[in-house]
Amino acid sequence: MKRQIVITGDGSTTIHLPEWNEQYHSKHGAIQEAYHVFIKHGLYHFCHSERSEESYKKVSILEIGFGTGLNAFITVIEAEKLNVTVDYSGVEGYPVLIDEITQLNYTNALKCKEKEALFHKLHSVSWEHKHEITSKFSLLKQQKLFHEIDNENEFDIIYFDAFGARVQPELWTEAIFEKMYKSLKRGGVLVTYSAKGSVRRAMQSVGFFVERLPGPPGKREMLRATK
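Just so we're on the same page, my numbering is the position in the sequence shown counted from 1, plus 443.
It is worth saying that the hints were derived from the structure and are not from the lab. All values derive from a computational prediction rather than experimental measurement. Warning: the hint list may mix true and false statements.
Simulated pairs of lysine-lysine, DSS-like, Cα-Cα distance not exceeding 30 Å [as the list claims (entries may be wrong)]:
no., residue 1, residue 2
1, Lys556, Lys501
2, Lys587, Lys573
3, Lys470, Lys558
4, Lys556, Lys470
5, Lys556, Lys483
6, Lys524, Lys483
7, Lys579, Lys558
8, Lys628, Lys587
9, Lys628, Lys501
10, Lys524, Lys500
11, Lys501, Lys622
12, Lys579, Lys622
Label-pair distances were calculated between CB atoms; the ranges are [as the list claims (entries may be wrong)]:
no., residue 1, residue 2, range
13, Gly630, Lys483, 15 to 21 Å
14, Lys625, Ala560, 35 to 41 Å
15, Gly607, Leu540, 18 to 24 Å
16, Glu462, Glu654, 31 to 37 Å
17, Ile541, Trp463, 19 to 25 Å
18, Lys470, Ile541, 19 to 25 Å
Note that beta-carbon positions come from the ideal geometry of N, C-alpha and C, so glycine has one too.
Please construct the entire structure, taking both the sequences and the accompanying hints into account.
As structure tokens, then:
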């Protein structure tokens with residue numbers, strides 16, 4: 444499928460799929476969306492909650508759709524600020540190519556050009572093996588389809604960043620969210636940019652407590668689900 448590098452509303456890049464008219468990140472702002480959905484309402488919410496006090500210094504995260512590595516990269520940056528150690532697993536069925544990665548402008552947009560090598564390290568380390576990216580961040584990238592996930596009670600947070608239900612409805616079903624529910628520890632949270640009623644109902648049907656939250660720029664609402 445043809446892929447194009449495009450500029451989003453906040454000046455940061457993403458990958459556009461013309462055939463689907465779909466992007467890896469919000470066209471209104473890739474970085475804005477990542478910070479609002481996954482960092483503010485995922486990472487910071489969990490780390491500042493009462494239930495996470497005992498495990499505050501170490502957090503395990505599963506990302507559904509590793510993609511451009513933007514969410515992982517921002518999490519590396521924020522883990523340092525929070526003084527929390529992150530054990531990060533990224534699942535991706537179709538990894539982004541290195542020549543596409545080199546065209547992304549995230550370090551410039553985030554004003555952290557000195558971290559360019561760190562961003563590329565996320566992509567250059569091998570798949571299927573855990574790597575220490577920094578003293579606060581380890582990464583395991585797995586190339587597999589989402590229905591192949593079989594973790595149980597392993598993660599504190601899930602960044603659910605799959606392509607939208609309009610183009611891949613099979614990724615937003617009860618069967619997938621049941622796997623997500625099983626993967627989370629008790630008290631764990633799943634955050635996603637989606638706010639579709641069918642997605643919320645699928646989450647609730649497998650046992651999640653689901654909240655509608657204000658969405659990122661260009662989107663009225665998003666969802667957070669707690670086990």
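For each hint, the structure was consulted:
1. Between Lys556 and Lys501, the direct Cα distance comes to roughly 27 Å. Compliance with the 30 Å bound is thereby established for this hinted pair.
2. Among the hinted pairs, Lys587 with Lys573 is consistent with the structure: their alpha-carbon atoms are about 15 Å apart, no more than 30 Å.
3. The suggested pairing of Lys470 with Lys558 holds, with an alpha-carbon distance near 24 Å, which does not exceed 30 Å.
4. At most 30 Å may separate the alpha-carbon atoms for a hinted pair to count; Lys556 and Lys470 meet this at roughly 23 Å.
5. Restraint check: the Cα-Cα separation between Lys556 and Lys483 comes to about 23 Å, which is no more than 30 Å; the hinted pair holds.
6. Distance hint between Lys524 and Lys483 is fulfilled; the C-alpha atoms sit about 13 Å from each other, no more than 30 Å.
7. A C-alpha spacing of about 15 Å is found between Lys579 and Lys558, which places the hinted pair at or below 30 Å, so the restraint holds.
8. Pair hint Lys628 plus Lys587 holds up; C-alpha atoms about 22 Å apart against a cutoff of 30 Å.
9. A threshold of 30 Å between alpha carbons decides the hint, and for Lys628 with Lys501 the separation of about 13 Å falls inside it, so the pair holds.
10. As the CA atoms of Lys524 and Lys500 are separated by approximately 12 Å, the hinted pair is consistent with the 30 Å bound.
11. In summary, the hint linking Lys501 to Lys622 is supported, as the alpha carbons are separated by about 23 Å, within the 30 Å threshold.
12. For the suggested pair Lys579 and Lys622, the alpha carbons sit about 27 Å apart, so the restraint of at most 30 Å is met.
13. Against the hinted window of 15 to 21 Å, the Cβ-Cβ separation of Gly630 and Lys483 comes to about 18 Å, which satisfies the hint.
14. Take Lys625 and Ala560: their Cβ atoms lie about 36 Å apart, and the range 35 to 41 Å holds.
15. Separated by about 22 Å at the C-beta atoms, Gly607 and Leu540 satisfy the suggested range of 18 to 24 Å.
16. Checking the proposed 31 to 37 Å range against Glu462 and Glu654 shows it holds: the Cβ atoms sit about 34 Å from each other.
17. Separated by about 23 Å at the C-beta atoms, Ile541 and Trp463 satisfy the suggested range of 19 to 25 Å.
18. Distance hint check: the CB atoms of Lys470 and Ile541 are about 24 Å apart, consistent with the given range 19 to 25 Å.
Violated hints are absent here; each numbered hint is respected by the structure.
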